[in-house]
Every structure is written in structure tokens, then in C-alpha cells.
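Colleague: Residue-level listing of the chains:
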Amino acid sequence: MSGRTIQLVVVGAMLAGTLIVQTTIAETTIAETTIVQNTIAQTTIAQTTIAPTQSAQTHKEYRFNVGPHAGVSVNNPYGSISVKPSTGNFVVINAVLSSDKVEVDNSLVGNRVEIQSHLLPGGEAQSGRVDYEILVPVDASITLHSSTGPLRAERLHGDITLEGAAATVEIRDMTGGHVHVKTLNGAVTLTNVQDGHVEIDSLSGDVTLNGVTGPLVQVISTSGGINYTGDFGDRGEYRLTSHSGDIEATVPDSTSADVSARSVRGEVHDDIPLQPKAHTWFVIKEGSAFWGTMGRAAVSSTVVLRSFSGKIHLRKRTSK
Amino acid sequence: MNCVELQASLVEIEDGRSPEQRNHLNACPECSALVAELNLIASAAVDLRAAEEPSPRVWNSIEIALRQEGLIRPQRPSRSLLPSFSSRWAWARWMVPAAAVLLIAVGVYVRQHSVTRDIVRDLRPTPPVSDMATAGMNDGLNDDDLLQEVAQLSPAMQAQYTDNLRHVNEYIRDAKGVVADNPNDEEARRSLMEAYQEKAMLFELAMDRSLP
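Protein sequence lines, in the order shown, are assigned to chains A and B.
Throughout, the working numbering is defined as the position within the first sequence, counted from one, plus 6.
Throughout, the working numbering is defined as the position within the second sequence, counted from one, plus 48.
Just chain B, same shape as in the assembly:
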């Protein structure tokens, strides 16, 4: 019998010693000292229990305090789905709920992205007329571009476009003037918007795709 076998055998055999244990204890001072200390603790514990036993009220108070601090929980049947980190495949098992969380995050992101796209497409926010007027709806409507576009048309049509360009610029100028004089006049702002709309249409007709 070696030291490990002796220590394991101490649990099984309470009284006396088996021949194998006695032989090992006689030959092994360390195991002999260990057994002597264990016997001393066992005898002292019996004496202590008899000498200073706290009253049941003390134990109750301690128990109440521990429950309040959450250190004592009622016993539950150990059927937990949560893997323990100490088990061999614990990290793999934790991937399942982690994957669930990731799945939710992806789904929410995709859904929000599509909803946002729908909202942007459907709402088509229209800036205030005054912002459109002051921010320059003329951007992209270069008069020279229009004149260049119609240069290949007949002289009569070129004259028509030039004439209408002049009229629509007057329209825009007059509408801007009214807005400047009456910034709170909603109709004035609408009139300016319509003037720009007319100019945009002029460009659209000039770049008519049906022309050769």
C-alpha cells in the first residue's frame, strides 16, 4: 500500500487499522503524522460541540441575514441548460445562445435598414420652399447649356427657346423679388417654385429625346 492508497482507505475504514494500513503507517512518518492530526481534530470537535453550542436563534438570525444578502438560495433541481464553464465542451455550448443574440442583432439591423430605405423612399421629404429658393434651384440649369443644346435646331426654334428662356428668367427674377419683399408670403414662395419649375421644363423640352 502506498500513501495515496492509505489516504483513500482512511474514509472507508473507521475503526482500527487494517494490516496493510498498520504496515504503511509504521513505515511512513508523513502518513503517520497525518493520521495523528486527523484523530486529534476529530476528538477536539466532539469536545467543542458539547462546550459552546450557539442557540437556535443565532443560527436563524445568521440564516436570515444570509438570505437577505442573496448568499443563500433555495435548492433547485439541477436540470440547468446552462453549461458550466468547468465542463469540457462549455465554450461550445455557450455558442448557441451567443448565436441567438447575433441572429437577433442581424435581423434587427437588416429590418431597420430596409425600413429606413422604405421610409426614405416613401416620405420623399420636401424642403421648405424658401430653402429651395435660396439654396439655388438653378444649380444645374445653366443657360449656356440650354443654348448649346438647341443650337442644332432650326433658327425659328432657336429663337423660340431663347425668347422663352428670357421670359422664364424674368419670371424667376420677379418671383425672387416678391419673396425678398415678403419672406412670409407663402404664395410668393410658391410662385418662385413654379418659376423654377417652368425653367426646368424648358430645359427638359430642349433636351427632348425625340430630336435627332
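Bound-form chain A, shown alone:
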């Protein structure tokens, strides 16, 4: 290698090395972007004490001004939580405390409101109960946690996560967003949830879906039953799975869907004539499985119904 070549290599190496190190340093030290918020202030409205007709119930109200896409998290061991839309960018929390054995911790962290029912010494399921009614912006992301519930949410567009061991869950009139539900044995009911990404996990609670459509609707249950009423939208993936619970889907004539059903030990019935699938990757055994298409194949959803020992029934909805 000639001297001139070596010179060029050395100079190029120095430039390249400097460039690489500078680029790497810049990437690792870039600060996280923060959400630009509108003016955020916290105002605590004076609390009022209800006359002790019962057991010294206390009513408290909190209000928070928040920015777009705010987060609201409520952790309430005992009691109900109900969430509805507010008329602006603010969160209003109305809490009814059943006794003085519980208090409400509240905080505004950035654009996120956090509410925690804090049990005091001596507090238990009855005395530690707090019932919440909350107003949030329609685009807020909600996380509700209660062992007893019930948990309710309606008319929102943001993501919602509801968890509770024995809490019943009711969600209605939602559009868009992600819906996540986890329960041990609480019943779950979704009504008119459109264009949603729905994932429900219920060990033994029954799950009822009325008019639920979206790109993904998934229900997994161990022993709970699953009941779907609707038309499965026009495009989407619907997967209803239960180990030992029964699965029932009631659909109108206008439904367009590619439906497959399979139960290892349970019975499988379909009341709707389906165009049989030409090629299936599992054996279609009469009474234990079916796979076919109803409506327009070109525009249809994919529906998968699976159970191990439960019954599966595809019903036709009768027009009134």
C-alpha cells in the first residue's frame, strides 16, 4: 500500500471514528419527549360530611384539570367504580366513603390522575368500602381495579383496562380504543362496543357481548360461558375460547363471516347454512366441528369458536 493511500485511510478513519462516536452519544443522550400539556392545576373542593344516618359516611369530591389523552387510574379494594365522560378536559371524582376506616389518596402526576382507596387499621370489606363516580375526558385512558366492584364504563373513546377478582364488569357505548378486562368470577357484559380492540380474560365468569365489533375481539375463559349477539362486523378477527364453558353465538342473516367451531368433547351445532370450506387443516367431524362461510366471502370476518368440553352453538337471530 502506497504512502498516499495510507494517508487517505488514516484521515478517513479519523473522520469516521469521530462521526460514529458523536452519533452514538447523541442517540443515547436524547431526552424523552414529554407531552405538551395545557395548563394543569389541581383544585380540591371542600369536602362535606353527610349526617350519620348510617355509619358515618363521608362524601368527598376532587377535580383535576388535565391535558389531552389523560390517564386516570383508580385502585379500590372494596366498592364500585363508575366512569362516564365529562364535558371538557377535567376529571371529577366523587367518592362516598363508608366509614372512617378508609381514606382516599389522590395525586396528579404529570397528565395522570391516580386515586387509591387506602384502608386504615381496622378496615375491612364493609368498613373499607368506597364507591366512586368519576367523570373523565372522552379520550382519557382508564385503569380501574377493584376486588368486589362493580366496574362500569360508558361512552368513552380511549383505552380502558378493568380488573377485579369478583367484580362484575359493564362496558357500554364505546368507540375505538382498546378494552382489556380481567376477572376471576365476575360476570362481564359489553354492549355496543364498536371498532374496538377487545380482550377479555375471565376464569369462571360468564361473558356476554352484545353488538361488539372491531379488528380484534378475543375472549378466553376457563369455565365461564361466552354469549355473543351481533353480526361480527365486516372485517375483524373474533376468537371465543372456553375450556369447559358453553359458547353461543347468535347472528342475523346479513352476517358475513368465515366461521369455524371445534370442541374436543362437547357438542357443536350450527343453525345457519354455511358454505363448507374446501380445505381445512383439522378434521371436520359431524357434531364436533364445522367450518364454513356465511354471507359475502369477499368481505367477511374470521370467527373462531373453541371449547374443550363445552357446547358450541351458532344460532340464527330471529327478526322481530
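Treat the hints as calculated values from the structure; they're not laboratory data.
Values in this document were obtained by computation on a predicted structure and should not be read as measured data.
Hints should not be assumed to be uniformly reliable.
Said to hold, decoys possible - Pulled a few chain B residues facing chain A out of the computed Cβ check, cut under 10 Å: (1) V226; (2) D233; (3) L253.
Claimed, not checked - With the Cβ distance kept under 8 Å, some of the chain A side facing chain B (calculated, not the full set): (4) A172; (5) D207; (6) L209; (7) S210; (8) S229; (9) T247.
Stated by the list, open to error - With a straight-line Cα cutoff of 30 Å, these simulated BS3-like cross-link-like pairs (lysine-lysine) come out: (10) B:K224 - A:K283; (11) A:K317 - B:K224; (12) A:K291 - A:K317.
Glycine is no exception: its CB is placed at the ideal position from the N, C-alpha and C atoms.
Use these hints to put chain B onto chain A, whose structure you have.
Modeller: Leaving out everything else, chain B in the frame of chain A:
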């Protein structure tokens, strides 16, 4: 004049000798012998040049051969940035390109390390379902741990957890059976994964942080 001065003066003065040179040569036998040998070589060289001069073709052939072997290079202006090792600060000057190489190596290593970390974080490789099933997703999901966790709950809730634990274990057992019978059944493997997912959720609810 001493010997060193005499030898240095031989280059400058071609003909004759200066008085100082003659005096030193007369007094120094070594320098005198050296001058005599130099004169002999000079006279013999003249004779040789005249006697056996190779033809120009010979010189051309030699030159071509040397160029082919890379022993002859065209003359370049000596403006090299490369320090010579013979100079006083040569080793210090070589530190500059060495530092450049080191800089590149460090930069490449750091960049590869961060890229690797990003790839590992972003890709989140998911092992095949069959591997998850056979490798024991149950690791860490000890039934006794769950029962111990819910022991402080009300009797009704304890019964619920116990009942659901039994159901989910049945789920896992049945799903394992189907996978064993149909190892190539992708749905069977997915069903097993969902069964484990249910059990994981059961544990998660049992360790609910909202409970006192």
C-alpha cells in the same frame, strides 16, 4: 588539522593538497594509507568504465525487472504525513492514526452494543409454543404459593380461588393431552398456551396489590 578534519577536507579539495593536508598526511600513516586507497579506486574506476560498459539494452532489462518486482518506484515529492521512525518524535506522531483506529473501534462497539440492545428489546423473540409447553411454563406457578396467598382472604373468596385453580389445572392437563396426541396441531398448542395464560392470570389476581 586532525584526522576528522582531513577526511572532511578531502571532499572539498579535488586537486593537490593544501599545506595543512600535506602536513597531516606526512605525520599520519593511517590517513595517508586511506588517501592512497581512494586514489587507487578512482583511477581504477575510470579504466573500468571505459573497458566493459554494458549496452543500454542491458540497463533497460534490469530496470524493467526491478520495476516488476516493485523495487523501483517513481519518485514522489517528499511531502509525506507519515512520520519516519527515525525521527525524534516519530512514535508520538504515530499515536494520531492509532488514536483514530481506536476511536473507530470504540464507536463501532458502542453502536453495535446499543443496536443489539434495541434489537433484543424490540424483537422480543417468542419461542415456539411447543417449547413453552414442554419447557414448563408452570415454573414459578406453584399452587401452594397461590393457596398461601389467598389464605388471608374471606372463606368465600378462598373457595373461589381453590375452585378456579382446580379448573385451570384441568384446562392445562386437557390441553397437554391434546398436544401430546396431536403434536403438529397448532391450535392445540395455542390452547395450551391460553391455559397457562389463564393460570398466570389467576396468580396475578390472587396477588392483587389492592388487597390489604
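Colleague: Run every hint past the structure and note whether it holds.
Modeller: Checked hints:
no.: 1; hint: V226; verdict: 6 Å, holds
no.: 2; hint: D233; verdict: 7 Å, holds
no.: 3; hint: L253; verdict: 5 Å, holds
no.: 4; hint: A172; verdict: 7 Å, holds
no.: 5; hint: D207; verdict: 5 Å, holds
no.: 6; hint: L209; verdict: 5 Å, holds
no.: 7; hint: S210; verdict: 5 Å, holds
no.: 8; hint: S229; verdict: 5 Å, holds
no.: 9; hint: T247; verdict: 6 Å, holds
no.: 10; hint: B:K224 - A:K283; verdict: 28 Å, holds
no.: 11; hint: A:K317 - B:K224; verdict: 20 Å, holds
no.: 12; hint: A:K291 - A:K317; verdict: 14 Å, holds
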